[in-house]
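So you can see what is in the structure, the chains are spelled out below.
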Amino acid sequence: MTGDTIFSVEELATEYRTDSGNIRAVDNISFDVNASEIVGIVGESGAGKSAVVKSIFRSLGDNGDIVNGRVRFKEHDIVDIGEDGPNPGMLSDRELRRQVRGNEIAMIMQDPTESLNPVYTVGSQIQEIIQINRDMGAHEAREETISMLREVGIPEPETRYDDYPHEFSGGMRQRVLIAMALGCRPDLIIADEPTTALDVSVEGQILELVRGLKEEFGTSFVWVTHDMGVVAEICDRVNVMYLGEIVEQGPVDDIFHNMHHPYTEALIDSVLSPDEKVEHLEPIRGVMPSPMDAPSGCRFHTRCPDARKVCQRVNPDIDATVDHDAACLKPDEHGYEESQSLENAARQ
Amino acid sequence: MATTQNLNQELSGDSSWRQVVRHVRNDTTAFFGMIVAVVTLSIAIFATIDANLAALTAGNLGDYTLANALPFLENPVRTPHPTELDPFLPPAFAEGGTWDHPLGTDSLGRDYFSRIVYGSRISIGVGIIATTGGMISGIAFGAVGGYYGGYVDDLLMRFMETLQSIPGLVLIIVFTMFVSGGNPDIRYAVVGMAIVSAPTFARIIRSRVLSVRELDYVEAARAAGVKDRNIIYRHILPNSFAPVLVYSTLHVSGTILAVATLSYLGYGAQPPTPDWGAMLNTAQGQIHSHPWLSLWPGLSIFFTITGLNLFGDGIQDALNPKIRD
Amino acid sequence: MTIHTQDAALQGGSKSDSDEESLLEMESVTKHFPVKTGFLADIFGTDYVHAVDDVSFDLDRKETLAIVGESGCGKSTLARTIVQLEDPTDGSIRFKGQELTDLSSREIRSLRQDMQMMFQDPKSSLNPRMTVGSIIEEPMKAHDLPRIDGSATDAAPESLDEELVADEGVSKSSYRETRARELLDLVGLSPDAYARYPHEFSGGQQQRINLARALSTNPDLIIFDEPVSALDVSVQAQVLNKIQEIQAQMDLTYLVISHDMGVVRYIADRVAVMYLGHLVELGEAEEVFENPQHPYTDGLLKAIPRPDPRKRGTRNSLEGEVPSPEDPPSGCRFRTRCPELIQPGVGEATLEGLSESVAQARLDTYEMDDEKWKSTLRFLRAVERREFTSEDADHLEQEYFPEGIPSGEPGDVVSEALTLVQKGDIETAATLLMNTFEENSICALERPEYTVEAEIEGEEHLACCHHCRSQ
Numbered sequence: 001m002t003g004d005t006i007f008s009v010e011e012l013a014t015e016y017r018t019d020s021g022n023i024r025a026v027d028n029i030s031f032d033v034n035a036s037e038i039v040g041i042v043g044e045s046g047a048g049k050s051a052v053v054k055s056i057f058r059s060l061g062d063n064g065d066i067v068n069g070r071v072r073f074k075e076h077d078i079v080d081i082g083e084d085g086p087n088p089g090m091l092s093d094r095e096l097r098r099q100v101r102g103n104e105i106a107m108i109m110q111d112p113t114e115s116l117n118p119v120y121t122v123g124s125q126i127q128e129i130i131q132i133n134r135d136m137g138a139h140e141a142r143e144e145t146i147s148m149l150r151e152v153g154i155p156e157p158e159t160r161y162d163d164y165p166h167e168f169s170g171g172m173r174q175r176v177l178i179a180m181a182l183g184c185r186p187d188l189i190i191a192d193e194p195t196t197a198l199d200v201s202v203e204g205q206i207l208e209l210v211r212g213l214k215e216e217f218g219t220s221f222v223w224v225t226h227d228m229g230v231v232a233e234i235c236d237r238v239n240v241m242y243l244g245e246i247v248e249q250g251p252v253d254d255i256f257h258n259m260h261h262p263y264t265e266a267l268i269d270s271v272l273s274p275d276e277k278v279e280h281l282e283p284i285r286g287v288m289p290s291p292m293d294a295p296s297g298c299r300f301h302t303r304c305p306d307a308r309k310v311c312q313r314v315n316p317d318i319d320a321t322v323d324h325d326a327a328c329l330k331p332d333e334h335g336y337e338e339s340q341s342l343e344n345a346a347r348q
Numbered sequence: 001m002a003t004t005q006n007l008n009q010e011l012s013g014d015s016s017w018r019q020v021v022r023h024v025r026n027d028t029t030a031f032f033g034m035i036v037a038v039v040t041l042s043i044a045i046f047a048t049i050d051a052n053l054a055a056l057t058a059g060n061l062g063d064y065t066l067a068n069a070l071p072f073l074e075n076p077v078r079t080p081h082p083t084e085l086d087p088f089l090p091p092a093f094a095e096g097g098t099w100d101h102p103l104g105t106d107s108l109g110r111d112y113f114s115r116i117v118y119g120s121r122i123s124i125g126v127g128i129i130a131t132t133g134g135m136i137s138g139i140a141f142g143a144v145g146g147y148y149g150g151y152v153d154d155l156l157m158r159f160m161e162t163l164q165s166i167p168g169l170v171l172i173i174v175f176t177m178f179v180s181g182g183n184p185d186i187r188y189a190v191v192g193m194a195i196v197s198a199p200t201f202a203r204i205i206r207s208r209v210l211s212v213r214e215l216d217y218v219e220a221a222r223a224a225g226v227k228d229r230n231i232i233y234r235h236i237l238p239n240s241f242a243p244v245l246v247y248s249t250l251h252v253s254g255t256i257l258a259v260a261t262l263s264y265l266g267y268g269a270q271p272p273t274p275d276w277g278a279m280l281n282t283a284q285g286q287i288h289s290h291p292w293l294s295l296w297p298g299l300s301i302f303f304t305i306t307g308l309n310l311f312g313d314g315i316q317d318a319l320n321p322k323i324r325d
Numbered sequence: 001m002t003i004h005t006q007d008a009a010l011q012g013g014s015k016s017d018s019d020e021e022s023l024l025e026m027e028s029v030t031k032h033f034p035v036k037t038g039f040l041a042d043i044f045g046t047d048y049v050h051a052v053d054d055v056s057f058d059l060d061r062k063e064t065l066a067i068v069g070e071s072g073c074g075k076s077t078l079a080r081t082i083v084q085l086e087d088p089t090d091g092s093i094r095f096k097g098q099e100l101t102d103l104s105s106r107e108i109r110s111l112r113q114d115m116q117m118m119f120q121d122p123k124s125s126l127n128p129r130m131t132v133g134s135i136i137e138e139p140m141k142a143h144d145l146p147r148i149d150g151s152a153t154d155a156a157p158e159s160l161d162e163e164l165v166a167d168e169g170v171s172k173s174s175y176r177e178t179r180a181r182e183l184l185d186l187v188g189l190s191p192d193a194y195a196r197y198p199h200e201f202s203g204g205q206q207q208r209i210n211l212a213r214a215l216s217t218n219p220d221l222i223i224f225d226e227p228v229s230a231l232d233v234s235v236q237a238q239v240l241n242k243i244q245e246i247q248a249q250m251d252l253t254y255l256v257i258s259h260d261m262g263v264v265r266y267i268a269d270r271v272a273v274m275y276l277g278h279l280v281e282l283g284e285a286e287e288v289f290e291n292p293q294h295p296y297t298d299g300l301l302k303a304i305p306r307p308d309p310r311k312r313g314t315r316n317s318l319e320g321e322v323p324s325p326e327d328p329p330s331g332c333r334f335r336t337r338c339p340e341l342i343q344p345g346v347g348e349a350t351l352e353g354l355s356e357s358v359a360q361a362r363l364d365t366y367e368m369d370d371e372k373w374k375s376t377l378r379f380l381r382a383v384e385r386r387e388f389t390s391e392d393a394d395h396l397e398q399e400y401f402p403e404g405i406p407s408g409e410p411g412d413v414v415s416e417a418l419t420l421v422q423k424g425d426i427e428t429a430a431t432l433l434m435n436t437f438e439e440n441s442i443c444a445l446e447r448p449e450y451t452v453e454a455e456i457e458g459e460e461h462l463a464c465c466h467h468c469r470s471q
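Protein chains in written order, with the numbering used here: chain A, 1 to 348; chain B, 1 to 325; chain C, 1 to 471.
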């Protein structure tokens with residue numbers, strides 16, 4: 001890992017076992033996160049974002065397996081699986097639990113109602129985590145909890161400490177989750193669509209909060225979302241996923257103004273903007289195929305307006321272009337220029 | 001959104017019933033349970049085809065052999081002479097037994113095997129009929145109450161609860177004596193059991209109906225102008241039925257036990273009708289001298305109930321989608 | 001046999017003079033939900049959730065009106081009340097000239113052919129145990145379409161029914177099947193979908209099935225409750241395009257409920273903004289988006305994350321939380337969060353337009369300059385929300401009143417509040433500030449409702465904000 005990198009994913013591949021065969025939900029993706037940085041993972045449903053998060057946390061469940069890859073967090077090998085299975089350096093479940101989860105890496109999930117235990121007060125839940133992970137006494141942990149609650153913008157934190165989750169609104173609950181995640185002063189927080197279920201105005205508040213927390217505590221985030229607007233709002237770098245693969249990755253400033261992959265372009269174009277009246281929008285034809293029916297060659301070729309015959313054969317690697325990386329044949333690879341065009345222009 | 005469960009469904013295009021069957025086939029214990037249940041059921045059904053049942057239940061002491069019990073076997077007519085009757089014969093594999101009476105004979109010389117086989121008809125028949133009756137009436141009360149809510153619901157459910165507050169056996173006994181005018185019979189037991197089981201079914205389906213009722217497709221049907229009763233038939237009931245089905249398999253076994261108790265008390269099957277529970281209870285007194293008299297009905301009850309329970313569990317597992325995301 | 005689109009047979013009856021008459025007229029529609037239900041609540045009384053309060057608007061034929069707002073604003077309840085899934089607590093709803101609240105449930109049921117609703121979540125709005133075909137046919141069956149006795153409303157293609165069913169002996173069920181398959185084609189799906197199950201389709205396709213179902217009775221009005229919210233971004237435009245295409249083909253009127261301003265801008269002709277049960281702005285789409293008059297609309301537009309990193313952090317997020325609908329704020333309901341709250345007793349010249357009681361109840365005018373007022377307002381909000389980190393009066397004074405605290409009465413109140421905060425009695429400080437400044441503001445005393453002249457498009461622009469009162 002180079003200088004600033006605190007977290008890296010290398011060639012991660014995950015499969016789900018089903019009655020109809022194995023589905024490759026994540027197919028050899030790689031990305032990393034530096035200190036004090038927010039890295040986004042953006043993609044539509046079925047792209048594999050949740051599978052990535054679960055793989056990182058090793059919480060795939062009974063029918064999912066990480067078949068390859070390495071996930072490193074600082075000096076720990078959270079995942080290290082090669083052809084012959086797990087390599088010796090990989091953390092055991094127990095080590096993972098004690099050393100890493102919650103303590104150095106925390107997670108925020110989409111639905112706060114599911115993550116908060118309804119029968120305990122909010123304060124006690126946060127305090128418990130702080131006590132366990134930061135080795136504090138009850139009183140000190142309580143003070144810390146209250147301070148965390150205030151930090152995330154919950155008014156009257158001393159009183160709200162004793163409230164139950166259902167007494168908070170959606171946005172407030174999400175703040176509570178952030179407080180819980182931050183409570184242990186982790187260096188990395190993995191957030192899985194935390195603002196998707198929230199109203200726009202509340203989302204704005206949370207995003208502002210997160211930006212502030214990054215500045216103040218230097219926490220890094222992996223922010224999973226389907227919303228390009230959110231990515232533009234808070235991410236420093238982003239990985240665009242399509243059908244289990246990362247098709248474009250790089251600094252947000254670059255990518256939004258200099259897209260190299262047609263899917264990224266289409267994704268940004270698909271966003272219906274409240275800022276101008278658009279007469280007609282024809283972003284991309286078709287829908288993302290199921291991972292079981294992944295197209296040959298470049299997975300996006302069935303929907304790509306720039307697809308050519310060669311795209312059916314060759315699955316492009318993610319390559320460095322001028323300013324960031326994209327997996328596309330357009331920069332004249334494998335004879336793209338000479339290849340015949342597939343009439344894939346967007347139409348419906 | 002693309003959960004493995006959804007992917008499965010998308011790919012195979014199965015309706016959920018086929019999935020249930022597939023799951024049960026894969027789940028060994030449930031499959032075993034299903035086999036046992038099916039076997040017992042077929043024995044019960046086929047045994048009724050034979051006309052000798054009448055003879056059996058009427059107390060005629062002739063023709064109680066293996067061949068008579070299973071009509072699809074060779075059926076040599078052999079009416080034993082009264083002097084040939086051999087009470088308390090041990091089973092075939094024990095000393096003194098004969099293969100004419102593979103499970104032995106009871107205190108009156110009746111072939112035990114036939115009685116066990118015919119007894120299945122009583123036990124299972126009662127179980128199924130009582131459960132079905134309870135299910136239908138329970139559904140009627142629960143679904144209507146759950147769907148309409150308000151005072152209708154209050155009224156119906158209070159009635160169900162009142163029924164449930166009376167201890168079941170007492171209720172059946174009182175019901176039997178009242179309606180039969182002092183001549184208890186298995187039929188009254190069946191009706192009584194149906195009445196007693198209705199409230200639980202009502203509650204089960206009502207709670208499902210309460211949540212299904214809020215689903216969008218029900219609202220959509222209402223908004224489209226579909227009549228209430230069609231909504232209940234086409235939308236509410238099919239989607240609320242699963243827990244009822246699961247419970248009913250378990251309930252059949254409970255009924256079998258309950259009927260056994262009733263028979264013991266004299267309110268269920270009347271002698272000489274062979275009912276496993278009755279046979280078991282009659283054999284109690286001879287448990288040391290002639291243990292096999294209680295062994296065979298006991299085992300029969302055990303296998304049937306276990307089989308049905310395992311099958312019910314299997315259905316329950318199959319019907320619960322495992323949501324992974 | 002083709003889908004009966006626009007045909008002379010449909011013109012007739014009430015349609016000939018309906019150009020002036022709106023398809024839907026809502027007047028003062030109100031819906032309150034009791035918090036406690038049951039028989040004891042009937043005796044002891046209960047609180048109410050003010051889901052929809054006094055909403056009025058008209059919907060003309062062939063137009064698309066969008067009702068936009070965040071969760072809890074009442075837009076879904078409003079939609080459900082229009083479709084009669086709920087009974088309005090008060091107010092009148094006229095559909096095609098008929099007063100819905102007067103009708104019996106049977107009459108309402110028959111009107112449902114003409115007014116259909118499409119739901120948000122494709123997974124839960126399609127019965128997983130029914131085939132696609134039977135789902136689409138269900139509304140037709142419910143209203144016994146096709147009808148050959150002439151009793152169908154003008155929405156059903158009568159001439160078509162009679163020809164086919166009576167003369168050619170086509171059975172009703174095969175008519176319905178053919179129509180269902182045609183509808184599938186119309187919404188962009190293969191007619192083979194007829195025999196398949198909803199779970200075999202993607203979200204976007206499921207929404208198309210929903211659409212086909214809504215179209216099956218040939219309605220006049222379709223109400224869409226968040227039609228594309230549950231769909232992926234790349235699919236949203238596809239479904240919206242289809243919805244618009246069909247509107248043109250079948251001369252439909254649309255009422256679209258959405259929280260997504262982008263979606264609204266794409267398909268709406270007019271836009272209504274709702275907040276906590278009230279309609280706060282209504283006008284042509286371009287007018288509302290380019291020239292919003294209500295601070296909530298403005299705030300909402302600004303709060304949306306744009307896919308453009310250059311615009312990052314240039315917007316202010318709307319502060320605070322939506323108050324509880326059980327006890328909504330008096331006057332303008334947005335006043336508890338409004339950055340443009342009007343200070344109490346503002347100027348003599350603006351006495352016009354105030355009701356008498358309000359004019360009499362006014363306190364002495366404070367006439368603080370804008371800076372001081374903004375500072376006071378900020379301070380007021382911070383106290384209310386307990387949002388400060390230190391409780392030291394001097395520190396606070398510096399933070400919130402860099403230009404010094406206001407003079408005169410307001411200054412005294414502020415000083416007192418600062419002292420109270422320092423003592424730790426935030427409760428009293430908050431009440432004091434609220435009562436003095438917010439509760440006496442015209443925004444709290446009177447509910448605003450003004451019709452201003454549109455600047456960009458259209459004629460009228462309804463803006464429920466007292467800042468518009470001089471226009």
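Please note that the accuracy of each hint is not assured.
[Stated by the list, open to error] From the structure, some residues in chain C lie toward chain B, with a derived Cβ separation under 8 angstroms:
no., residue
1, Val49
2, Val83
3, Arg112
4, Gln113
5, Gln116
6, Phe119
7, Asp121
8, Ser124
9, Ser125
10, Leu126
11, Pro139
12, Ala142
Since the hints were derived computationally from the structure, they do not count as laboratory data. Keep in mind it's a predicted model, so treat the numbers as computed, not measured. C-beta: ideal position from N, C-alpha, C; glycine also.
Now the hints, each set against the structure:
1. The closest approach between the C-beta of Val49/C and any C-beta of chain B is roughly 17 angstroms, which is over the 8 angstroms cut-off, so the hint fails.
2. Against a cut-off of 8 angstroms between C-beta atoms, the interface hint on Val83/C holds, since the closest Cβ of chain B lies about 5 angstroms away.
3. Proximity of Arg112/C to chain B holds as hinted, the smallest CB-CB distance being about 3 angstroms (cut-off 8 angstroms).
4. Checking Gln113/C against chain B by beta carbon gives a least distance of about 7 angstroms; that is within 8 angstroms, so the hint holds.
5. The closest approach between the C-beta of Gln116/C and any C-beta of chain B is roughly 6 angstroms, which is under the 8 angstroms cut-off, so the hint is satisfied.
6. This hint holds: Phe119/C has a C-beta 5 angstroms from the nearest C-beta of chain B, less than the 8 angstroms allowed.
7. At a threshold of 8 angstroms, the smallest CB-CB gap from Asp121/C to chain B is about 6 angstroms, leaving the interface hint in force.
8. Given hint, Ser124/C at the interface with chain B, holds; its Cβ is 4 angstroms from that chain's nearest Cβ, closer than 8 angstroms.
9. Interface hint status for Ser125/C: upheld, as the beta-carbon distance to the closest one in chain B is roughly 4 angstroms, under 8 angstroms.
10. For Leu126/C, the interface hint holds, since its Cβ comes within 8 angstroms of a Cβ in chain B; the closest pair sits about 6 angstroms apart.
11. Interface restraint check for Pro139/C: the shortest CB-CB distance to chain B comes to about 4 angstroms, inside 8 angstroms, so the restraint holds.
12. Using the Cβ-Cβ criterion of 8 angstroms, the hint placing Ala142/C at the interface with chain B is satisfied: the shortest such distance is roughly 4 angstroms.
Of the numbered hints stated above, the single one contradicted by the structure is hint 1.
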